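Trainee: Residue numbers (the working numbering), protein chains in the order written: chain A, 8 to 167; chain B, 8 to 167; chain C, 8 to 167; chain D, 8 to 167.
To be clear, the hints were calculated from the coordinates, so they are not data collected in a lab. Misleading hints may appear alongside valid ones.
Said to hold, decoys possible - FRET-style restraints, in silico, Cβ to Cβ: (1) D/H23 <-> C/W164: 39 to 45 Å; (2) A/R157 <-> C/P162: 52 to 58 Å; (3) A/D98 <-> C/V149: 45 to 51 Å; (4) B/E155 <-> A/R165: 42 to 48 Å; (5) D/V22 <-> C/W164: 28 to 34 Å; (6) A/W164 <-> C/D131: 39 to 45 Å; (7) B/D98 <-> C/K14: 49 to 55 Å; (8) A/K14 <-> B/W164: 27 to 33 Å; (9) D/P162 <-> A/W164: 47 to 53 Å; (10) B/N64 <-> A/R18: 38 to 44 Å; (11) C/V63 <-> D/S102: 51 to 57 Å; (12) C/K67 <-> B/R13: 52 to 58 Å; (13) B/E158 <-> A/V22: 36 to 42 Å; (14) A/V100 <-> D/E154: 54 to 60 Å.
In this text, all values refer to a predicted model and were calculated from it rather than measured experimentally. We put the CB at the ideal spot given by N, CA and C, even for glycine.
There are 4 protein chains.
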Amino acid sequence: MSTPDRKTPTRADYVHWRTITTRWRDDDAYGHLNNATYYEYFDTAVNAYLFETTGVNVRKLPKIGIVAETSCRYLREIGFPEPVEAGLVVDKVGSSSVIYRIGLFQGPGEEAAAEGRFVHVYVDNTEHSRSGARGNEARRPVTPMPEEIREAVMPLWRQN
Amino acid sequence: MSTPDRKTPTRADYVHWRTITTRWRDDDAYGHLNNATYYEYFDTAVNAYLFETTGVNVRKLPKIGIVAETSCRYLREIGFPEPVEAGLVVDKVGSSSVIYRIGLFQGPGEEAAAEGRFVHVYVDNTEHSRSGARGNEARRPVTPMPEEIREAVMPLWRQN
Amino acid sequence: MSTPDRKTPTRADYVHWRTITTRWRDDDAYGHLNNATYYEYFDTAVNAYLFETTGVNVRKLPKIGIVAETSCRYLREIGFPEPVEAGLVVDKVGSSSVIYRIGLFQGPGEEAAAEGRFVHVYVDNTEHSRSGARGNEARRPVTPMPEEIREAVMPLWRQN
Amino acid sequence: MSTPDRKTPTRADYVHWRTITTRWRDDDAYGHLNNATYYEYFDTAVNAYLFETTGVNVRKLPKIGIVAETSCRYLREIGFPEPVEAGLVVDKVGSSSVIYRIGLFQGPGEEAAAEGRFVHVYVDNTEHSRSGARGNEARRPVTPMPEEIREAVMPLWRQN
């Protein structure tokens with residue numbers, strides 16, 4: 008399934024690591040990790056890093072990161088029961104957004120089984136904002152992102 | 008959250024429609040549909056269409072579609088309890104692959120709340136193939152895709 | 008898999024009905040609905056009823072129902088892609104709790120494919136309460152439950 | 008939420024332990040682990056133990072364990088991002104069934120945050136059997152369960 012025009016990421020492409028345990032339910036009727044489940048791993052790799060590195064409950068900050076775009080290339084099948092290692096790196100830090108890449112690995116190989124892209128945009132987290140969240144308006148990015156977040160993500164930023 | 012350089016899809020951009028009921032669990036701690044959950048809807052929109060249109064259990068065909076790439080732009084928040092309408096269109100039919108776009112709508116508006124891209128690649132579904140699926144080899148596309156599948160997706164293809 | 012000492016529920020045992028669409032991901036490696044997924048249907052059948060019948064966002068009420076106990080008997084295999092019909096009935100209305108039973112049906116038969124039991128207990132939903140929710144204290148039930156909820160569930164109560 | 012007439016399980020009640028990592032998506036709109044998610048943990052605790060202890064892919068055995076009954080008591084709130092420890096013990100080993108209990112713990116306390124019950128019944132796993140799985144017939148238990156399974160679960164059996 009590899010896309011010929013982009014190279015397969017390897018462990019050397021990532022800065023921070025986390026182990027995620029797989030679950031019986033992660034595998035679908037084809038006996039391999041369901042394509043949507045990969046995104047649960049990406050979301051977890053990013054947010055668990057932010058919780059641990061900032062030391063605060065990031066859900067309660069006055070601005071929160073909501074997801075604006077995601078994508079995944081599936082390069083090799085993985086699945087239950089072995090754990091997955093998720094490598095994390097930051098491609099871009101803007102004033103109100105962060106672009107992460109996450110590589111998933113299972114077993115000893117150097118090449119990623121999948122690579123995800125995950126874009127967080129920081130928006131207002133006040134009650135007023137939340138009330139309108141389901142209306143016709145998209146939530147608008149607010150600048151700058153919380154300082155705790157910026158400090159947490161800068162060490163992951165690898166400028167190409 | 009809109010990305011300024013791409014236009015927001017509208018209902019007119021899709022060919023086939025399906026209603027998907029939301030679930031309490033679809034909403035995450037921010038009280039809106041979790042970003043990974045959108046991919047469960049994309050997967051369902053594509054595969055339910057294939058089951059119904061081919062009239063066969065597509066899981067048992069000698070070649071099956073596995074997911075090579077997916078992506079999503081999140082344009083407006085949606086969530087439980089109202090149902091979601093998923094619009095489906097095909098961007099490309101190759102000899103062993105199909106590229107779908109799926110728009111999600113909730114409520115009366117004309118603009119999509121999210122747009123997904125979903126790439127199926129057809130691979131061998133024999134027992135021999137499945138046994139090796141977790142090895143170091145990626146599954147290789149096989150051509151051509153099953154004739155039932157090609158006949159099902161051609162009416163969704165809208166050539167730009 | 009039927010348990011010989013309890014009768015199989017039939018459609019006549021339920022008061023309110025809701026259609027839930029199945030998803031590709033609901034089926035696990037055995038090609039049938041994963042046992043945990045049934046509980047997503049139970050949760051949805053109960054909460055969607057409460058949203059629609061009360062006409063309010065039940066998540067924002069000063070007291071909210073949290074789940075104290077659940078159980079399921081799996082009587083017959085179901086799965087993607089056909090929809091599931093969920094029948095709902097209330098077994099008990101206490102001062103701060105409601106016990107629901109939910110029967111799941113797929114296809115034309117009269118007998119349930121599964122039956123769930125779902126116990127909601129009403130607890131304080133103030134900010135103070137939420138802050139301590141992860142501490143060593145269990146959240147204590149508060150009486151009485153919101154009047155909107157009581158009015159919604161009474162018509163489902165079938166006293167034996 | 009504790010049920011007064013049953014004691015709260017403690018770590019001493021379980022025989023085998025496994026760490027399960029929580030995911031951002033596990034928490035629902037109330038900011039705590041969704042009630043259905045607990046069952047993903049139970050399923051995983053049981054099946055990962057069987058894979059590892061038997062050393063075989065239990066999905067490919069001529070008889071497989073399918074879930075006949077499950078239940079859970081939710082005693083204390085847990086959630087993302089800290090990991091959960093799952094304790095496993097067997098209450099009964101029949102000729103074609105196994106009854107497990109699983110306790111979930113998060114943080115240093117001795118008392119379980121939840122206790123699950125999980126009943127596996129062994130059924131025929133031949134192609135003929137699978138084809139009929141969605142028909143009107145329930146899959147019937149077959150005796151005896153695979154010898155690998157019996158040998159794996161006996162050390163977990165704690166007879167009261």
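Trainee: Does each hint hold? Answer for all of them.
Mentor: Do the hints match the structure? See the list:
Between D/H23 and C/W164 the CB atoms are about 42 Å apart, so this pair conforms to the stated range of 39 to 45 Å. Judged by the Cβ atoms, the range 52 to 58 Å given for A/R157 and C/P162 holds: they are separated by roughly 53 Å. The hinted window of 45 to 51 Å between A/D98 and C/V149 holds, with their beta carbons roughly 48 Å apart. Against the hinted window of 42 to 48 Å, the Cβ-Cβ separation of B/E155 and A/R165 comes to about 46 Å, which satisfies the hint.
Separated by about 42 Å at the C-beta atoms, D/V22 and C/W164 break the suggested range of 28 to 34 Å. The hint said 39 to 45 Å for the Cβ distance between A/W164 and C/D131, and at roughly 43 Å that hint holds. A hinted range of 49 to 55 Å for the beta carbons of B/D98 and C/K14 is consistent with their spacing of about 52 Å. For A/K14 paired with B/W164, a C-beta distance near 31 Å keeps the hint of 27 to 33 Å intact.
The hinted range of 47 to 53 Å is satisfied by D/P162 and A/W164, whose Cβ atoms lie roughly 49 Å apart. Checked against the hint of 38 to 44 Å, the C-beta distance between B/N64 and A/R18 comes to roughly 39 Å, which is consistent with it. At roughly 52 Å, the beta carbons of C/V63 and D/S102 sit within the given window of 51 to 57 Å. In this structure the supplied range 52 to 58 Å is violated for C/K67 paired with B/R13, their Cβ-Cβ distance being about 35 Å.
At roughly 48 Å, the beta-carbon separation of B/E158 and A/V22 lies outside the given 36 to 42 Å, and the hint is violated. Take A/V100 and D/E154: their Cβ atoms lie about 57 Å apart, and the range 54 to 60 Å holds.
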